[in-house]
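Trainee: Keeping their order, the protein sequence lines are chains H and X. The first sequence maps to residues 41 to 485 in the working numbering. The second sequence maps to residues 41 to 485 in the working numbering.
Keep in mind that the hints were calculated from the coordinates and are not lab data. Just to be clear, a hint being listed does not mean it is correct.
Identical copies look the same in the list; a pair holds intra-copy or inter-copy alike.
Stated by the list, open to error - Taking lysine-lysine and the DSSO-like style, the derived pairs with C-alpha atoms no more than 30 Å apart in a straight line are: (1) K202 - K237; (2) K237 - K194; (3) K391 - K114; (4) K167 - K114; (5) K258 - K202; (6) K114 - K216; (7) K202 - K391.
There are 2 protein chains.
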Amino acid sequence: MTFDTLAQDLAMENGVGNATNREFLATQHAADIAQFLTEHDADIDWRVLDLLELQRQAEVLGYLDREVQVELAKSAPRARLAAIVTEMDSDDRADLFNALSEEEQEALLPALAQAEREDIRRLAGYKEGTAGAIMTSDYAVLTPDITARQALDKLRLEAPDKETIYRAYVIDPERKLIGSVRLQDLILVAPATRIEKVMERNTLAVSVDEDQESVAQKIARYDRLALPVVDADGRIVGIVTHDDAIDVITQEATEDFHKSGTVRGLGESVRDAGIFILYRARVAWLVLLVFGNIFSGAGIAYFEDTIASHLALLFFLPLLIASGGNAGAQAATLMVRAIATGDVRTADWGKMLGRETLVAGLLGLTMALAIYGIGVWRGGPEIAVVVSVSMIIIVLVGSLIGMTLPFILTRFRMDPATASGPLVTSIADAVGVLIYFAIATAWLL
Amino acid sequence: MTFDTLAQDLAMENGVGNATNREFLATQHAADIAQFLTEHDADIDWRVLDLLELQRQAEVLGYLDREVQVELAKSAPRARLAAIVTEMDSDDRADLFNALSEEEQEALLPALAQAEREDIRRLAGYKEGTAGAIMTSDYAVLTPDITARQALDKLRLEAPDKETIYRAYVIDPERKLIGSVRLQDLILVAPATRIEKVMERNTLAVSVDEDQESVAQKIARYDRLALPVVDADGRIVGIVTHDDAIDVITQEATEDFHKSGTVRGLGESVRDAGIFILYRARVAWLVLLVFGNIFSGAGIAYFEDTIASHLALLFFLPLLIASGGNAGAQAATLMVRAIATGDVRTADWGKMLGRETLVAGLLGLTMALAIYGIGVWRGGPEIAVVVSVSMIIIVLVGSLIGMTLPFILTRFRMDPATASGPLVTSIADAVGVLIYFAIATAWLL
Chain H
41 MTFDTLAQDL
51 AMENGVGNAT
61 NREFLATQHA
71 ADIAQFLTEH
81 DADIDWRVLD
91 LLELQRQAEV
101 LGYLDREVQV
111 ELAKSAPRAR
121 LAAIVTEMDS
131 DDRADLFNAL
141 SEEEQEALLP
151 ALAQAEREDI
161 RRLAGYKEGT
171 AGAIMTSDYA
181 VLTPDITARQ
191 ALDKLRLEAP
201 DKETIYRAYV
211 IDPERKLIGS
221 VRLQDLILVA
231 PATRIEKVME
241 RNTLAVSVDE
251 DQESVAQKIA
261 RYDRLALPVV
271 DADGRIVGIV
281 THDDAIDVIT
291 QEATEDFHKS
301 GTVRGLGESV
311 RDAGIFILYR
321 ARVAWLVLLV
331 FGNIFSGAGI
341 AYFEDTIASH
351 LALLFFLPLL
361 IASGGNAGAQ
371 AATLMVRAIA
381 TGDVRTADWG
391 KMLGRETLVA
401 GLLGLTMALA
411 IYGIGVWRGG
421 PEIAVVVSVS
431 MIIIVLVGSL
441 IGMTLPFILT
451 RFRMDPATAS
461 GPLVTSIADA
471 VGVLIYFAIA
481 TAWLL
Chain X
41 MTFDTLAQDL
51 AMENGVGNAT
61 NREFLATQHA
71 ADIAQFLTEH
81 DADIDWRVLD
91 LLELQRQAEV
101 LGYLDREVQV
111 ELAKSAPRAR
121 LAAIVTEMDS
131 DDRADLFNAL
141 SEEEQEALLP
151 ALAQAEREDI
161 RRLAGYKEGT
171 AGAIMTSDYA
181 VLTPDITARQ
191 ALDKLRLEAP
201 DKETIYRAYV
211 IDPERKLIGS
221 VRLQDLILVA
231 PATRIEKVME
241 RNTLAVSVDE
251 DQESVAQKIA
261 RYDRLALPVV
271 DADGRIVGIV
281 THDDAIDVIT
291 QEATEDFHKS
301 GTVRGLGESV
311 RDAGIFILYR
321 ARVAWLVLLV
331 FGNIFSGAGI
341 AYFEDTIASH
351 LALLFFLPLL
361 IASGGNAGAQ
371 AATLMVRAIA
381 TGDVRTADWG
391 KMLGRETLVA
401 GLLGLTMALA
411 IYGIGVWRGG
421 PEIAVVVSVS
431 MIIIVLVGSL
441 IGMTLPFILT
451 RFRMDPATAS
461 GPLVTSIADA
471 VGVLIYFAIA
481 TAWLL
């Protein structure tokens, strides 16, 4: 039995609730079932979900992309949806709720129990991109006065409803976070030991409005399974878990990568995005860059006399302006990623500038040597000198523009990832045209 | 007390082993102490490490970047280094060992106990980039015949030496992996229950030579804390943990990002890399791209007559060729990242081609409209038509090149990330020059 034979079964008969299919699905990971649902239509999806227990249905739903979730939610009777939603992890549930239209939200809420309703309202209220928006409220808490044995009994009871019980959080009567304790320490110490004796005080925590990228970086940096989230008064309101941290890191890397190619936020998979969504993600930057390149054109037009008297200069035009753009793109790429991973801070600009000048100078020199011979061959010694000198200056200036732009964007609270790729290339191109023909005019006329 | 005052203390007096510093360090996370060491010299670093217990020294060392580790290892007496290395996690230890020179390795090995020596030799033997190279051998195993109580006792005893005991792996007499069991299930069931009754059979596992990126993706996809690694005979040889998965994902994203800007593998932080290392990472591609752009130059030279009789064409040259390059870079960026995250497979090329043709056609049309007016103004109606028609074709062709290149590279087992950015831009540029002047020549002459 495989997913392929399941698909055949579903296509052939109407009621697929046979024992073989049920057994097969019971052995599969929820993530794989979710993948199968993504590749099929909503009516098939519901027939597959029917073969699972309610708790598993909720688990599978949690692994689906947002759009597929919404698609399924729309086609389900309200009571059925409410039953599954009740079983979902609180963070997945709040995300799904946020993705529904206002009417769908209003239809769903009354079908839920009071506790779930309040939990959804509370979690859905946090701003997107913050710790509050990705945290779950399914965490375990303990009080400092109970014993390890009592704590274990409590965790044992609560385990099925919690995302993780490997670390429990210790709170005072006002729910203020005062420490945390690992499950492994609870089973290690004598059963009569009080929690306040084993707990880790000053436990790491993040604020509810902290940026999700910064939270994910902390989980990665400190190798934590989860980090507690506290409000302005130090009260625990949720936890962010390691699997959400991986999702955030992957998502932010994808966004940065897209921005580096001047593609705007897509919000969904390239494979599933519609034509118009893809068009919209690309058109604004392309048109903007067209007008950016008009400066290069104007530069060329300005030097028309120089060009008309030395048409051989044109041969080297693409090569010279592309070299400035390429060197700039390299410099920008290095800085953008270093800033994104926290490797380099804005204060480091001075240090980086000195090194970039040296590296770019060496690169320009190498490329000038590489191009000199071709210059002599295509245009004679005079043109060769113009081309070589231009190359050094263009690579140097392009690189400095490329490394500086990410710092400037960060300073003005814009995303530096935009600066690598086409944007920096266009700017360096225009500057390259001016440098080349200015040097040529001065030398040859 | 802060790290700043600690630095002042270290700069002032010689013996800094005072109680305040010791206490301060005891409250700090190992990752933060490692950060402090990275920012100071080896002699200061050793004085700080002296204030920590041996186990903590090893933990801090594990958080350091490879180069800093090697720096410290070189400046330590052999016996001292051996003592710390013995306490390190087995994966960190093998990585450090691999980074040492052959002589340093030979000097270190005799100072270690037999068990550590064999463990290092075994782990160091796996190829870089595979599951074997990032796995740790500090995992907990159980046999199926013992009870939950016996299992808990065993885990309790072993906990300090294991990276995680939250999941233990169940093996048969030949060490073949037959299942796994969560700590939380062990404390949940009746103490007399046998492991074979609670264990999860068909537990997820990866092969020792599986690519590290694929292992990390599985940990992310299935939300696991760790995945067991098995050899060709199904015997467990290690585990890869979630924190290593995050490191791999971050590292691979950085590499892809660098390649998209035609920067070769740097192997270390941009902040700390030397001038020559940065030069070497950039020069090869820059020079290669120069020669790539010679095709554009040759294209222009070939159409010199057309240009000489219509110099106004030059104004639109940078704009038209950049548009093809930019549209190509966008298309490539979307495909490269979608392939890297497993969103799109090579088999999807056909489907993607159809959609890209539609999207690129729309984009080309939009840009042709945007540029038509400027064409009339700068060159008259005839040139405006040439420029607009060229724009549509150039954007379409550039986009198709950009989306196809990543698939071709993947097919030939090369890294598609190279295809976004400057490489695709250069190719699209050259094609753009030919299209523009071919249309201009046909229309105007």
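Trainee: When no copy is named, should K237 and K194 be tagged within, between, both, or neither for a Cα gap of at most 30 Å?
Mentor: Answer is both; intra-copy 18 Å and inter-copy 24 Å each pass.
Trainee: At most 30 Å between CA atoms: does that hold for K114 and K216 within a copy, between copies, both, or neither?
Mentor: neither (39 Å within a copy, 47 Å between copies)
Trainee: My question is about K167 and K114: at a cut-off of 30 Å on alpha-carbon distance, are they close within one copy, between copies, both, or neither?
Mentor: Close inside one copy (24 Å), not across copies (49 Å); limit 30 Å.
Trainee: How would you classify K391 and K114 at a CA-CA limit of 30 Å: within, between, both, or neither?
Mentor: between (55 Å within a copy, 27 Å between copies)
Trainee: When no copy is named, should K202 and K237 be tagged within, between, both, or neither for a Cα gap of at most 30 Å?
Mentor: both (24 Å within a copy, 23 Å between copies)
Trainee: How do K258 and K202 come out at 30 Å by Cα distance, when the copy is not named: within, between, both, or neither?
Mentor: both (22 Å within a copy, 23 Å between copies)
Trainee: Go through the copies and call it for K202 and K391: within, between, both or neither, with a Cα cutoff of 30 Å.
Mentor: neither (48 Å within a copy, 42 Å between copies)
Checked against the numbered hints given earlier, the structure breaks hints 6 and 7 and satisfies all the rest.
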